[in-house]
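Construct the complete structure from the given sequences, taking the supplied hints into account.
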Amino acid sequence: MGDIFSWWGILSAVGVLTGIGITFGALLGMASVRFKGEENPLVEQIDALLPQTQCGQCGYPGCRPYAEAINQGDALNKCPPGGEATIHALADLLGREPVPLDGEAATEDTVAFIREAECIGCTKCIQACPVDAIIGAAKQMHTVIEDECTGCDLCVAPCPVDCIDMLPRSKPLNQWQPVVTNAPLITSDRQLTRSQHAGL
Amino acid sequence: MPAYEFPGGITPPERKDRSNQSPLRNATLPTQVTLPLKQHSGNPAIPCVAINDTVQVGSLIAQRDGMVSANLHASISGTVTQISDNAITIDADGLDRWQVLPSLNWRAEDHQTTIARLDSCGLVGLGGAGFPAYIKAQIADHHRIDTLVVNAAECEPYITADDLALRHYPTEILEGAQMVARLCGAHQIVVGIEDNKPEAIHALKEALSHFQQSDCQHPVSITMKVIETRYPSGGERQLIKKLLNLDVPSGGLPADVGVLCHNPGTLLAALYAVRDGKPLVERIVTLTGDAISTPGNYWVRLGTSIETLLQQVGLANQQLHQVIVGGPMMGLPLTTLDVPVTKTTNCLIAATREELPPAPSESPCIRCGACESVCPVQLLPQQLHWYARAENDATLEKFHLFDCIECGACSYVCPSYIPLVQDYRSAKQRIRVKRIESAKAEHAKHRFEFRQARLARENAEKQARRQARQAQSRQTSDSSKATDSTVQVVDLRSLRIAQTAAKAAVRKAEKTLARAAAEDPSQRHDDLETQLATAQENLKAADTRLAEARATMAQQESP
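Going down the list, the sequences are from chains U and H.
Going by full-length UniProt numbering, the letters in the first sequence line up with residues 1 to 200, in that order.
Going by full-length UniProt numbering, the letters in the second sequence line up with residues 1 to 559, in that order.
These are calculated hints, taken from the structure and not from any lab test.
All values derive from a computational prediction rather than experimental measurement.
Each hint should be verified, as a subset may be incorrect.
What the hints assert, rightly or not - With a cut-off of at most 30 Å between alpha-carbon atoms, the simulated BS3-like pairs for lysine-lysine come out as follows:
1) U:Lys-36 - H:Lys-540
2) H:Lys-462 - U:Lys-124
3) H:Lys-241 - U:Lys-78
4) H:Lys-511 - H:Lys-434
5) H:Lys-398 - U:Lys-171
6) H:Lys-503 - H:Lys-462
7) U:Lys-124 - U:Lys-78
8) H:Lys-428 - H:Lys-398
9) H:Lys-511 - U:Lys-36
10) U:Lys-171 - H:Lys-434
11) U:Lys-171 - H:Lys-503
12) H:Lys-462 - U:Lys-139
13) U:Lys-124 - H:Lys-508
14) U:Lys-171 - H:Lys-440
15) U:Lys-36 - H:Lys-503
16) H:Lys-440 - U:Lys-78
17) U:Lys-124 - H:Lys-440
18) H:Lys-462 - H:Lys-434
19) U:Lys-36 - H:Lys-508
What the hints assert, rightly or not - Sample of chain U residues facing chain H (criterion: CB under 10 Å; computed from the structure):
20) Val-43
21) Gln-45
22) Asp-47
23) Ala-48
24) Gln-52
25) Gln-57
26) Pro-61
27) Gly-62
28) Glu-116
29) Cys-129
30) Val-131
31) Asp-147
32) Ser-170
33) Trp-176
34) Pro-178
35) Val-179
Every residue gets a Cβ at the ideal spot worked out from N, C-alpha and C, and that includes glycine.
So, in structure tokens, the structure goes:
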């Protein structure tokens with residue numbers, strides 16, 4: 001009697017659990033079809049960490065293609081404008097080892113400047129600009145919209161008369177950062193300053 | 001009315017009696033002024049004069065740029081001699097000729113006229129932050145304001161500018177308060193003042209009793225509330241808590257609880273701007289400290305060099321240790337005296353070494369918790385200290401770094417002499433710059449995506465044109481060959497799916513833009529507009545490809 005009862009118990013438990021499994025499996029399957037994400041969320045996250053200069057120094061035509069390449073296993077260290085900070089952020093995100101930067105890091109924020117007197121209006125720089133930051137038309141003078149320029153210097157090479165300079169970008173006042181010199185915690189003159197203070 | 005309590009706070013030595021003993025005086029007119037284009041929060045003003053232009057006191061020399069910005073006026077009559085990126089220099093002609101605007105009767109004028117006057121006079125908050133006053137006056141458009149708080153607490157040591165202003169001009173300040181209360185639709189005015197200013201309290205009481213006799217002119221009731229002296233009761237949030245027992249939410253404004261806060265100096269300047277048509281060209285500055293011989297409060301023209309100003313009041317150079325702009329708790333030490341007085345300079349302390357000794361070098365944090373018990377915002381200063389030094393910005397924001405009012409109470413009590421506020425300030429600025437940079441990156445990304453979409457659309461259109469040309473030539477030669485139509489069918493289906501997806505993306509982008517525009521109509525939504533344009537380009541490309549495929553299909557079926 002006891003045996004039969006326990007068999008019944010086991011079977012019913014297995015049945016219920018299988019039923020629950022099938023129900024939830026079906027629900028999850030439906031949800032994954034119904035709410036399917038269009039794009040790979042990891043690529044989005046990688047793209048968000050890249051500096052978006054669209055400079056192509058990584059060998060890809062823009063930041064988004066490089067983000068896709070990183071997701072496929074490409075190296076993290078191909079982004080000079082991002083520098084070490086970007087490499088570390090990417091390494092954190094992907095759980096890889098940070099590697100030293102391939103190439104020289106960008107030392108300062110630059111902006112393209114067209115010497116307008118020398119511009120011949122060939123539109124080559126306009127075609128090269130990845131963010132449409134150069135305005136002008138054929139046989140008309142071109143100029144760079146400073147706020148839109150990412151400083152990628154892709155327009156410098158195509159210019160047939162070499163009239164584009166990369167100039168340091170002037171920092172507006174609201175981007176001023178205080179220079180913080182945190183005194184080292186162990187200072188050789190600690191004793192001196194303390195006695196001075198005690199005297200006051 | 002009972003007084004409520006805000007948490008924390010300290011009582012540092014006041015040292016106010018050095019500057020509040022003598023009456024308010026006029027500083028000597030400067031021979032040259034340097035007027036910085038950014039004396040307020042927001043964008044710098046744009047110069048509207050040229051070199052060698054003759055200006056009078058009150059002539060507009062720079063116009064505000066955008067919403068959050070303020071006009072700038074000449075503070076002496078003379079000639080413009082230099083216009084740099086950051087400042088305009090004027091040499092005085094010694095005549096001090098004024099150019100004032102016509103007087104307005106604020107009781108009769110409509111709100112728009114009065115607000116426009118505050119705007120054109122370049123009025124900003126004179127308490128320290130320098131927020132344009134005309135924006136604050138328009139608050140009634142977005143919020144219901146119940147109470148106007150006149151912040152006369154002046155809790156920082158040394159500073160007595162508001163104290164002297166209240167003693168000399170109590171009627172004018174209360175009238176200015178009435179005017180601002182009318183603009184923002186407040187039902188009551190509460191003046192909060194610390195009990196260490198008996199003369200100012202007395203003057204206010206007299207002015208109030210005078211007002212009560214003629215209350216038809218002053219429709220909004222005024223109450224004065226004397227509060228105990230404790231730093232930082234002059235902080236906006238702290239004063240609102242103390243006077244009205246209201247808590248301003250984290251990241252919110254006093255307007256969120258129906259309160260507007262103004263400094264007495266601002267109200268005085270507002271009245272002058274409206275009643276007398278005088279732009280903001282001078283302010284009351286406390287000149288104090290042991291290194292000057294005649295400390296006191298002075299009406300100072302904006303742009304006066306701090307060095308000449310201090311020389312006038314008897315600066316002893318050999319005793320001078322440092323000059324601090326603002327109070328000793330929140331002020332900034334100057335590295336050079338060759339800087340002008342601005343709209344937000346309320347106090348200059350020329351301190352001797354004995355008076356304000358340099359802080360001893362810092363020791364490690366011992367986690368005593370003293371900072372935590374004095375913090376008026378109930379933050380955890382010691383935790384913020386660790387994370388600020390470690391540059392752990394995400395955690396700093398989680399610990400509400402941006403609620404810190406930088407009052408300096410934590411640094412004041414720290415037994416290890418850690419300059420905590422300094423850490424917080426630099427961390428805040430670092431985070432702000434990071435935000436600006438990531439917004440810029442986001443913007444560049446959208447522009448790049450738009451360009452990619454545009455190129456794809458152009459490509460598709462070119463392809464379609466080529467196809468059409470080919471089809472035409474084929475029709476004329478009439479030599480169509482049967483191609484594999486099954487491939488075409490599959491292609492058509494995926495193209496249709498792509499087109500539907502593009503349509504959905506356009507609708508989504510339109511919705512997002514509309515929602516953002518409805519939420520904040522004053523802001524520009526460039527990035528969202530670019531996203532919408534990108535989606536539209538993608539849709540056009542998909543349309544073109546589909547039409548092209550359909551045309552090819554039709555051709556294959558027709559023969």
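Right, here's what the structure says about each hint:
{"no.": "1", "hint": "U:Lys-36 - H:Lys-540", "result": "holds, 24 Å"}
{"no.": "2", "hint": "H:Lys-462 - U:Lys-124", "result": "holds, 20 Å"}
{"no.": "3", "hint": "H:Lys-241 - U:Lys-78", "result": "violated, 54 Å"}
{"no.": "4", "hint": "H:Lys-511 - H:Lys-434", "result": "holds, 29 Å"}
{"no.": "5", "hint": "H:Lys-398 - U:Lys-171", "result": "holds, 29 Å"}
{"no.": "6", "hint": "H:Lys-503 - H:Lys-462", "result": "holds, 22 Å"}
{"no.": "7", "hint": "U:Lys-124 - U:Lys-78", "result": "holds, 26 Å"}
{"no.": "8", "hint": "H:Lys-428 - H:Lys-398", "result": "holds, 13 Å"}
{"no.": "9", "hint": "H:Lys-511 - U:Lys-36", "result": "holds, 21 Å"}
{"no.": "10", "hint": "U:Lys-171 - H:Lys-434", "result": "holds, 14 Å"}
{"no.": "11", "hint": "U:Lys-171 - H:Lys-503", "result": "violated, 41 Å"}
{"no.": "12", "hint": "H:Lys-462 - U:Lys-139", "result": "holds, 24 Å"}
{"no.": "13", "hint": "U:Lys-124 - H:Lys-508", "result": "violated, 35 Å"}
{"no.": "14", "hint": "U:Lys-171 - H:Lys-440", "result": "holds, 14 Å"}
{"no.": "15", "hint": "U:Lys-36 - H:Lys-503", "result": "holds, 18 Å"}
{"no.": "16", "hint": "H:Lys-440 - U:Lys-78", "result": "holds, 21 Å"}
{"no.": "17", "hint": "U:Lys-124 - H:Lys-440", "result": "holds, 25 Å"}
{"no.": "18", "hint": "H:Lys-462 - H:Lys-434", "result": "violated, 42 Å"}
{"no.": "19", "hint": "U:Lys-36 - H:Lys-508", "result": "holds, 17 Å"}
{"no.": "20", "hint": "Val-43", "result": "violated, 13 Å"}
{"no.": "21", "hint": "Gln-45", "result": "violated, 13 Å"}
{"no.": "22", "hint": "Asp-47", "result": "holds, 7 Å"}
{"no.": "23", "hint": "Ala-48", "result": "holds, 8 Å"}
{"no.": "24", "hint": "Gln-52", "result": "holds, 4 Å"}
{"no.": "25", "hint": "Gln-57", "result": "violated, 15 Å"}
{"no.": "26", "hint": "Pro-61", "result": "holds, 9 Å"}
{"no.": "27", "hint": "Gly-62", "result": "holds, 6 Å"}
{"no.": "28", "hint": "Glu-116", "result": "violated, 21 Å"}
{"no.": "29", "hint": "Cys-129", "result": "holds, 8 Å"}
{"no.": "30", "hint": "Val-131", "result": "holds, 4 Å"}
{"no.": "31", "hint": "Asp-147", "result": "holds, 9 Å"}
{"no.": "32", "hint": "Ser-170", "result": "holds, 8 Å"}
{"no.": "33", "hint": "Trp-176", "result": "holds, 7 Å"}
{"no.": "34", "hint": "Pro-178", "result": "holds, 5 Å"}
{"no.": "35", "hint": "Val-179", "result": "holds, 9 Å"}
Checked against the numbered hints listed earlier, the structure breaks hints 3, 11, 13, 18, 20, 21, 25, 28; every other hint is satisfied.
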